[in-house]
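J.: If you read the sequences in order, they're chains A and B. Read in order, the letters of the first sequence correspond to residues 28 to 336 in our numbering. Read in order, the letters of the second sequence correspond to residues 28 to 336 in our numbering.
For the record, the hints were derived by calculation from the structure and aren't laboratory data. Keep in mind it's a predicted model, so treat the numbers as computed, not measured. There may be inaccurate statements among the hints.
[What the hints assert, rightly or not] Estimated spans, in silico, between C-beta atoms of each pair:
| id | chain 1 | residue 1 | chain 2 | residue 2 | range |
| --- | --- | --- | --- | --- | --- |
| 1 | B | E206 | A | R60 | 52 to 60 Å |
| 2 | A | A118 | B | N310 | 45 to 53 Å |
| 3 | B | N310 | A | E275 | 27 to 35 Å |
| 4 | B | A304 | A | E275 | 54 to 62 Å |
| 5 | A | R205 | B | T194 | 43 to 51 Å |
[Unchecked claim] In silico SDA-like cross-links for lysine to any residue, where the CA-CA straight-line distance does not exceed 25 Å:
| id | chain 1 | residue 1 | chain 2 | residue 2 |
| --- | --- | --- | --- | --- |
| 6 | B | K119 | A | A63 |
| 7 | A | K119 | B | T278 |
| 8 | A | K119 | B | A263 |
| 9 | A | K99 | A | E74 |
| 10 | A | K119 | B | D96 |
| 11 | B | K119 | A | G274 |
| 12 | A | K119 | B | A262 |
| 13 | A | K119 | A | V207 |
| 14 | B | K119 | B | P83 |
| 15 | B | K119 | B | L152 |
| 16 | B | K119 | B | I30 |
| 17 | A | K99 | A | A63 |
| 18 | B | K99 | B | E229 |
| 19 | A | K119 | A | I82 |
| 20 | A | K119 | B | P166 |
| 21 | B | K119 | A | I30 |
| 22 | A | K119 | B | Q188 |
| 23 | B | K119 | A | A153 |
| 24 | A | K119 | B | T134 |
| 25 | B | K119 | B | I129 |
| 26 | A | K119 | B | I30 |
| 27 | A | K119 | B | D271 |
| 28 | B | K119 | B | A147 |
| 29 | A | K119 | B | A276 |
| 30 | B | K119 | B | I82 |
| 31 | A | K119 | B | G274 |
| 32 | B | K119 | A | K99 |
| 33 | A | K99 | A | V207 |
| 34 | A | K119 | B | G268 |
| 35 | B | K99 | B | G75 |
| 36 | B | K119 | A | E275 |
| 37 | B | K119 | A | V207 |
| 38 | B | K119 | A | T278 |
| 39 | B | K119 | B | P166 |
| 40 | B | K99 | B | A77 |
Built from N, CA and C at the ideal position, the CB exists for glycine as well.
Protein chains: 2
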Amino acid sequence: MAIIGCVGSGLVGRSWAIVFARAGHQVRLWDSRPSADAVASLAATLEGLAREGAIPSLGDVASRISFADSLKQAVSGADYVQESISERVDAKRELLRDLDAILPPHTIVGSSTSSIPASAFMAGLACSARCLIVHPVNPPHLIPLVELCPSPETAPETVEQTSALMTALGQRPIMVAREVEGFILNRLQWALLSEAMHLVGEGYCTPEDVDAVVTHGLARRWAHLGPLAVGHLNAATGLEGYFDGLGEAITRVRDTLRTDYVPSEQTIARAHAALEARMPVSNLSDHAATRDRRILALNRLLQDFEQQG
Amino acid sequence: MAIIGCVGSGLVGRSWAIVFARAGHQVRLWDSRPSADAVASLAATLEGLAREGAIPSLGDVASRISFADSLKQAVSGADYVQESISERVDAKRELLRDLDAILPPHTIVGSSTSSIPASAFMAGLACSARCLIVHPVNPPHLIPLVELCPSPETAPETVEQTSALMTALGQRPIMVAREVEGFILNRLQWALLSEAMHLVGEGYCTPEDVDAVVTHGLARRWAHLGPLAVGHLNAATGLEGYFDGLGEAITRVRDTLRTDYVPSEQTIARAHAALEARMPVSNLSDHAATRDRRILALNRLLQDFEQQG
Numbered sequence: 028m029a030i031i032g033c034v035g036s037g038l039v040g041r042s043w044a045i046v047f048a049r050a051g052h053q054v055r056l057w058d059s060r061p062s063a064d065a066v067a068s069l070a071a072t073l074e075g076l077a078r079e080g081a082i083p084s085l086g087d088v089a090s091r092i093s094f095a096d097s098l099k100q101a102v103s104g105a106d107y108v109q110e111s112i113s114e115r116v117d118a119k120r121e122l123l124r125d126l127d128a129i130l131p132p133h134t135i136v137g138s139s140t141s142s143i144p145a146s147a148f149m150a151g152l153a154c155s156a157r158c159l160i161v162h163p164v165n166p167p168h169l170i171p172l173v174e175l176c177p178s179p180e181t182a183p184e185t186v187e188q189t190s191a192l193m194t195a196l197g198q199r200p201i202m203v204a205r206e207v208e209g210f211i212l213n214r215l216q217w218a219l220l221s222e223a224m225h226l227v228g229e230g231y232c233t234p235e236d237v238d239a240v241v242t243h244g245l246a247r248r249w250a251h252l253g254p255l256a257v258g259h260l261n262a263a264t265g266l267e268g269y270f271d272g273l274g275e276a277i278t279r280v281r282d283t284l285r286t287d288y289v290p291s292e293q294t295i296a297r298a299h300a301a302l303e304a305r306m307p308v309s310n311l312s313d314h315a316a317t318r319d320r321r322i323l324a325l326n327r328l329l330q331d332f333e334q335q336g
Numbered sequence: 028m029a030i031i032g033c034v035g036s037g038l039v040g041r042s043w044a045i046v047f048a049r050a051g052h053q054v055r056l057w058d059s060r061p062s063a064d065a066v067a068s069l070a071a072t073l074e075g076l077a078r079e080g081a082i083p084s085l086g087d088v089a090s091r092i093s094f095a096d097s098l099k100q101a102v103s104g105a106d107y108v109q110e111s112i113s114e115r116v117d118a119k120r121e122l123l124r125d126l127d128a129i130l131p132p133h134t135i136v137g138s139s140t141s142s143i144p145a146s147a148f149m150a151g152l153a154c155s156a157r158c159l160i161v162h163p164v165n166p167p168h169l170i171p172l173v174e175l176c177p178s179p180e181t182a183p184e185t186v187e188q189t190s191a192l193m194t195a196l197g198q199r200p201i202m203v204a205r206e207v208e209g210f211i212l213n214r215l216q217w218a219l220l221s222e223a224m225h226l227v228g229e230g231y232c233t234p235e236d237v238d239a240v241v242t243h244g245l246a247r248r249w250a251h252l253g254p255l256a257v258g259h260l261n262a263a264t265g266l267e268g269y270f271d272g273l274g275e276a277i278t279r280v281r282d283t284l285r286t287d288y289v290p291s292e293q294t295i296a297r298a299h300a301a302l303e304a305r306m307p308v309s310n311l312s313d314h315a316a317t318r319d320r321r322i323l324a325l326n327r328l329l330q331d332f333e334q335q336g
């Protein structure tokens with residue numbers, strides 16, 4: 028059992044608190060702008076998870092999360108701190124400087140940033156060797172992937188210890204060897220999204236259809252096998268055979284992809300309107316709740332497969 | 028009940044035969060090079076589906092598929108012909124010319140090609156107005172998505188009738204409004220795969236980790252929501268808010284994507300070796316069978332959700 032400081036009590040910070048608490052750790056959650064909403068939202072999420080049978084005991088998990096009165100109270104004696112404050116480099120720099128002054132000498136600090144390189148706010152501190160980016164997928168209590176991105180000053184032991192912690196929590200850590208815009212997940216996501224917007228923007232297909240290509244096509248395989256593994260199983264001689272056999276076709280497509288495509292405001296508005304017809308913004312939280320229930324059921328299915336081997 | 032001619036009895040042709048036969052249609056399967064293997068493989072696939080409870084009656088479905096002795100026998104009186112021969116434009120052109128001479132005047136011809144534009148082999152025939160590409164995802168009896176790509180000569184009624192047929196079969200047709208390399212699915216797939224190979228090739232992450240980003244991250248959402256819908260639910264004001272809020276971060280990533288990246292032979296070999304350690308080529312058919320069982324279970328889960336609304 029470890030003591031975990033969670034800084035920032037927005038959607039991501041609260042979800043992280045659940046990840047740590049359900050694994051048995053003591054969580055101290057703090058926000059520079061405390062909100063009654065955060066307390067209520069956390070309780071509602073925990074109740075929803077208990078209803079779905081996704082946490083063993085609502086009372087036990089809830090009792091392990093306390094709201095701290097100050098940053099110092101949240102992180103004193105903490106073994107690990109997860110930072111999930113707003114996505115502004117100046118705010119993150121200031122927080123890291125504050126932490127640097129009060130952290131115990133063994134504490135690791137992970138940042139949830141999705142777009143700021145570690146070297147932009149984790150460098151030149153006494154604790155720099157123990158800082159790294161630990162980027163979750165929203166929401167981390169439902170989606171296991173976590174990207175570990177060290178800065179040039181991060182110690183290898185920090186990466187190893189954080190990787191072991193994440194694995195013990197039931198997350199799936201991956202390593203980003205050196206700094207790159209968008210890390211791995213958002214690069215893959217935006218490569219696909221940018222080409223999708225190109226196809227919609229240039230009138231090759233509708234927004235509904237481009238979404239269906241993923242939900243009713245690509246994701247049926249990707250839920251089980253990554254993009255390289257899909258290729259490996261699609262040729263009698265594995266991935267090398269896949270690239271050999273499809274080489275020409277892949278080249279012709281690759282040369283015409285437009286992942287640099289900047290969608291016009293009209294294109295974004297048209298896609299937004301198509302989504303709005305199915306999932307009105309006035310009701311987004313209901314749709315997000317439906318999404319979360321479905322992800323939970325999918326997680327169970329995939330866990331069963333893993334256990335069957 | 029319709030009569031369906033399936034031309035080509037490889038993996039894709041056999042899977043199409045199952046799609047039509049399980050929906051109650053009479054299928055006549057023909058191949059220019061008949062093989063005993065095809066008969067045995069079809070029987071084995073049907074038995075596997077019956078074991079999983081994925082077809083109502085093995086005997087009924089099997090009895091609706093017969094192997095024809097000639098192209099003429101396969102397509103005489105057919106309401107619809109699905110072409111799944113080898114992916115060579117000259118072979119497809121020759122087949123279409125042969126079909127043109129013998130088809131009844133109402134028969135629609137769909138081609139399973141994944142990479143040849145319709146205008147390259149479906150133009151200038153008496154039956155051109157009734158020809159279009161009907162591109163499945165492998166294997167179509169497990170993955171519902173189908174891309175309908177007309178040639179400039181395809182009649183609108185042909186597209187409408189084929190769309191209605193595919194929907195009645197339980198497939199999910201999407202429309203590709205005009206010719207484009209790789210249609211929609213392979214463009215999205217290769218946009219993601221090319222960036223994945225870039226990240227592996229330049230040493231940002233391992234082949235295992237890039238696959239995990241999809242299986243343990245992106246696909247957990249994409250199984251339920253397409254890429255545009257994911258964005259819509261990720262901002263309080265929907266897709267427009269998503270692009271507004273992340274605009275700068277998306278731009279920085281978009282400008283550095285390398286979906287034009289040509290992986291070296293060494294990079295492909297390294298990724299192949301990593302996959303080989305988990306899924307040896309000597310055992311690929313077992314891994315493909317596991318994949319197929321898992322897709323079937325995922326389909327059931329997603330169908331349950333759709334029925335719940």
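J.: Compare the structure with each hint and give your call.
T.: Now the hints, each set against the structure:
1. At roughly 54 Å, the beta carbons of B:E206 and A:R60 sit within the given window of 52 to 60 Å.
2. Between A:A118 and B:N310 the C-beta distance comes to about 52 Å, which sits within the given range of 45 to 53 Å.
3. At roughly 28 Å, the beta carbons of B:N310 and A:E275 sit within the given window of 27 to 35 Å.
4. Range check, B:A304 to A:E275: about 29 Å between beta-carbon atoms, so the 54 to 62 Å window is missed.
5. Evaluation of the 43 to 51 Å hint for A:R205 and B:T194 yields a pass: the beta carbon distance comes to about 48 Å.
6. This hinted pair does not check out: B:K119 and A:A63 have alpha carbons roughly 67 Å apart, beyond 25 Å.
7. Restraint check: the Cα-Cα separation between A:K119 and B:T278 comes to about 21 Å, which is no more than 25 Å; the hinted pair holds.
8. For the hint pairing A:K119 with B:A263, the CA-to-CA distance comes to about 23 Å; that is within 25 Å, so the pair holds.
9. The hinted pair formed by A:K99 and A:E74 fails the criterion: a straight-line CA distance of about 29 Å is larger than 25 Å.
10. Annotation: proposed proximity of A:K119 to B:D96 is violated, straight-line Cα distance about 73 Å (limit 25 Å).
11. Distance hint between B:K119 and A:G274 is fulfilled; the C-alpha atoms sit about 20 Å from each other, no more than 25 Å.
12. The suggested pairing of A:K119 with B:A262 holds, with an alpha-carbon distance near 21 Å, which does not exceed 25 Å.
13. Taken as a hint, the A:K119 and A:V207 pair is honoured in the structure, with Cα atoms around 19 Å apart against an allowance of 25 Å.
14. Proposed proximity of B:K119 and B:P83 is contradicted: the alpha carbons are some 34 Å apart, above 25 Å.
15. In summary, the hint linking B:K119 to B:L152 is supported, as the alpha carbons are separated by about 13 Å, within the 25 Å threshold.
16. In summary, the hint linking B:K119 to B:I30 is supported, as the alpha carbons are separated by about 22 Å, within the 25 Å threshold.
17. With a C-alpha separation of about 21 Å, the suggested pair A:K99 and A:A63 falls inside the 25 Å cut-off, and the hint holds.
18. Restraint check: the Cα-Cα separation between B:K99 and B:E229 comes to about 53 Å, which exceeds 25 Å; the hinted pair is violated.
19. The suggested pairing of A:K119 with A:I82 is violated, with an alpha-carbon distance near 32 Å, which exceeds 25 Å.
20. Note on A:K119 and B:P166: the hinted pairing is violated, with a Cα-Cα distance of about 48 Å set against a maximum of 25 Å.
21. Annotation: proposed proximity of B:K119 to A:I30 is violated, straight-line Cα distance about 66 Å (limit 25 Å).
22. About 58 Å separates the Cα atoms of A:K119 and B:Q188, which puts this hinted pair outside 25 Å; it is violated.
23. Our distance criterion of 25 Å between C-alpha atoms is broken by B:K119 and A:A153, whose separation comes to about 68 Å.
24. The suggested pairing of A:K119 with B:T134 is violated, with an alpha-carbon distance near 65 Å, which exceeds 25 Å.
25. Distance check on the hinted pair: B:K119 and B:I129 sit about 16 Å apart at the alpha-carbon level, within 25 Å; holds.
26. With a C-alpha separation of about 66 Å, the suggested pair A:K119 and B:I30 falls outside the 25 Å cut-off, and the hint is violated.
27. Annotation: proposed proximity of A:K119 to B:D271 holds, straight-line Cα distance about 21 Å (limit 25 Å).
28. Proposed proximity of B:K119 and B:A147 is supported: the alpha carbons are some 9 Å apart, at most 25 Å.
29. In summary, the hint linking A:K119 to B:A276 is supported, as the alpha carbons are separated by about 16 Å, within the 25 Å threshold.
30. Taking the CA atoms of B:K119 and B:I82, the gap is about 32 Å. The hint is violated against a cut of 25 Å.
31. Of the pairs offered as hints, the one joining A:K119 and B:G274 holds, with about 20 Å between alpha carbons and a cut-off of 25 Å not exceeded.
32. Under the criterion of a C-alpha separation no larger than 25 Å, the hint pairing B:K119 with A:K99 is inconsistent with the structure, at around 72 Å.
33. Annotation: proposed proximity of A:K99 to A:V207 is violated, straight-line Cα distance about 32 Å (limit 25 Å).
34. Among the hinted pairs, A:K119 with B:G268 is consistent with the structure: their alpha-carbon atoms are about 23 Å apart, no more than 25 Å.
35. Restraint check: the Cα-Cα separation between B:K99 and B:G75 comes to about 31 Å, which exceeds 25 Å; the hinted pair is violated.
36. For a cut-off of 25 Å, the pair hint linking B:K119 to A:E275 stands: about 18 Å separates their Cα positions.
37. A threshold of 25 Å between alpha carbons decides the hint, and for B:K119 with A:V207 the separation of about 45 Å lies outside it, so the pair is violated.
38. Distance restraint check for B:K119 and A:T278: the Cα-Cα separation of roughly 21 Å lies within the 25 Å cut-off, and the hinted pair is therefore satisfied.
39. In summary, the hint linking B:K119 to B:P166 is supported, as the alpha carbons are separated by about 21 Å, within the 25 Å threshold.
40. Among the hinted pairs, B:K99 with B:A77 is inconsistent with the structure: their alpha-carbon atoms are about 31 Å apart, more than 25 Å.
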